[in-house]
Amino acid sequence: MSGSLVRISAMLRRYLYLHRRSLPRTLELVFWPVMELFVWGYLTVYFKSLAPGLAGQLAFAFLNGMIFWDILYRNQQAVTISVMEEIWHHNLLNILISPLRLWEWLAATFVYGFLKSAVITGVLTGLAFLVYHFDLAGGLGLSLIPLVFNLLLFAWILGIATAALLLWWGYSAEALIWGIPFLVQPLSAVFYPLTVMPVWVQAVSRCLPSTYVFEGMRLVLAGQPLPAEFFWASLGLNGLFLLAAGAFFYWMYAKALESGRLVRTGME
Amino acid sequence: MASHGEAPLLTARGLTKFYGDAAVLQDLSFEIRSGEILGLLGPNGAGKTTTLHILLGLLKPTSGEVSFLGLSPLRDRVKIAEKLNFSSAYGSMPANLTVGENLDIMARLYRVSDAPARIRSVLELFEMEPLRHRLAGALSAGEKTKLNLAKSLLNDPLLLILDEPTASLDPDMADKVRQLLVRVQREKKIGIIYTSHNMHEVETLCSRVIFIHRGRRIAEGTPAEVLTQCSARTLEQAFIKMVRSGDLVAREEGS
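Heads up: the protein sequence lines correspond to chains A and B, in order.
Going by the numbering used here, the residue at position 194 of the first sequence is 194; the numbering climbs one at a time, nothing skipped.
Going by the numbering used here, the residue at position 130 of the second sequence is 130; the numbering climbs one at a time, nothing skipped.
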């Protein structure tokens with residue numbers, strides 16, 4: 001195995017050890033998503049009973065929106081909480097003086113987030129089918145792959161940008177871990193179509209890769225194919241955002257090295 | 001003892017660090033060779049830890065440069081990281097992992113060959129084998145320090161940077177750690193850069209010391225040479241004299 005793979009798997013192992021060690025941490029993985037599923041699930045059952053047909057479709061889109069949002073949120077958190085974990089445990093300096101490259105560290109958090117999402121999505125999909133007879137995965141078919149791919153990329157990008165702020169501000173930026181995704185949620189058309197927003201907001205929303213994912217998801221659930229331009233627009237924007245977030249992360253790291261904030265954060 | 005014929009392991013030239021207008025380190029230069037234990041001494045805030053952080057590539061100096069085996073800690077961080085290590089009494093390792101898990105992760109990051117045997121060996125060195133399955137967060141302050149030290153020896157470093165490594169150890173364990181460091185240094189011919197406020201420890205352990213005060217080097221030499229320079233009987237006396245007078249700076253610069 002190459003050096004990078006060994007180090008990435010070492011960091012992945014470090015984060016997985018936490019779950020072996022802590023049952024609450026593992027349960028917390030699925031607790032909130034499952035509770036949300038129950039709330040949204042019964043709400044959709046209620047809507048369906050009021051107006052079968054259209055309400056049922058809407059409800060299905062809601063549930064899928066919820067699961068997709070959870071994928072984005074959890075993956076952003078996987079990156080940022082993993083970085084924060086090292087700050088909480090005064091381990092940042094040990095990590096930064098080891099041969100681990102910064103991109104290897106981030107890659108490990110991406111894989112960790114992906115694994116967490118796979119578990120959560122599996123649990124939610126299974127529960128939605130058992131309790132509400134909603135076949136979430138089946139409803140999206142193969143379109144699930146490009147949609148989730150772009151969603152994961154954007155989540156990781158948000159994670160990188162937040163992690164950069166953590167390197168600079170340390171503990172004082174902790175709230176950003178939870179807050180940053182909610183900056184993009186209203187603009188990403190998670191639960192409603194883009195067209196319900198004012199025209200100028202739509203223009204902003206179209207600059208986010210996530211908007212094309214949620215819009216695409218609703219189209220597919222309505223029985224239409226996923227427009228190729230949605231996939232490419234999302235991928236292209238993700239590429240641009242990834243470059244920008246990567247540059248921002250390395251720039252913040254360099255600034256933190258120069259200003260002494262990195263060692264202060266590491267020793268806080 | 002170091003052989004002065006061989007090339008230095010690490011060279012620091014003109015290290016200067018400003019935070020805004022405040023100088024925390026000014027024009028500090030020194031070298032360390034294999035098999036040498038170099039003590040960096042000075043009062044709190046003298047610039048010792050700043051120096052260590054610059055050597056480790058965790059802090060960019062305002063000017064000056066560090067060369068470790070011809071490599072720069074800032075430009076060649078990964079290559080250097082494989083050959084040096086660091087331990088501080090004030091650092092810790094993830095509290096929610098066990099001693100064994102922490103060392104396992106670090107051994108993988110450093111790509112230590114035959115990691116299980118190496119982990120066993122460093123645990124035995126520090127008499128920590130019985131604590132292997134204990135959470136790092138449940139260790140006493142002294143045990144945490146030993147865990148950090150064990151981690152710092154995992155990769156068989158050529159240069160070991162230790163920031164007050166015995167600060168939280170009881171006298172017995174501090175003595176054992178000192179003996180151990182001397183043994184490791186002699187057997188492996190590694191270089192050690194060492195900060196401590198325990199002057200007796202420095203006197204017995206270090207082959208050479210550098211006194212830093214307000215970011216400046218105010219004395220350097222073997223412990224015996226520094227005692228002569230300061231007309232002191234012990235390093236502790238010399239330390240107090242230097243810190244309280246500060247005129248050695250002028251004396252040295254004038255000479």
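Bear in mind the hints are in silico, worked out from the structure with no lab data behind them.
Backbone N, C-alpha and C fix where the C-beta goes; we use that ideal spot for every residue, glycine too.
There's no promise every hint is true.
[As the list claims (entries may be wrong)] Partial list, derived from the structure: chain A residues whose beta carbon lies under 7 Å from chain B:
#1 Arg-14
#2 His-90
#3 Ala-175
[As the list claims (entries may be wrong)] Now the stretches of chain B that chain A is said to cover, found in silico as 3 or more residues with beta-carbon under 8 Å:
#4 35-41
#5 51-57
Q.
Need the list of violated hint numbers for this structure, in ascending order.
A. Of the numbered hints, 3, 4 do not hold.
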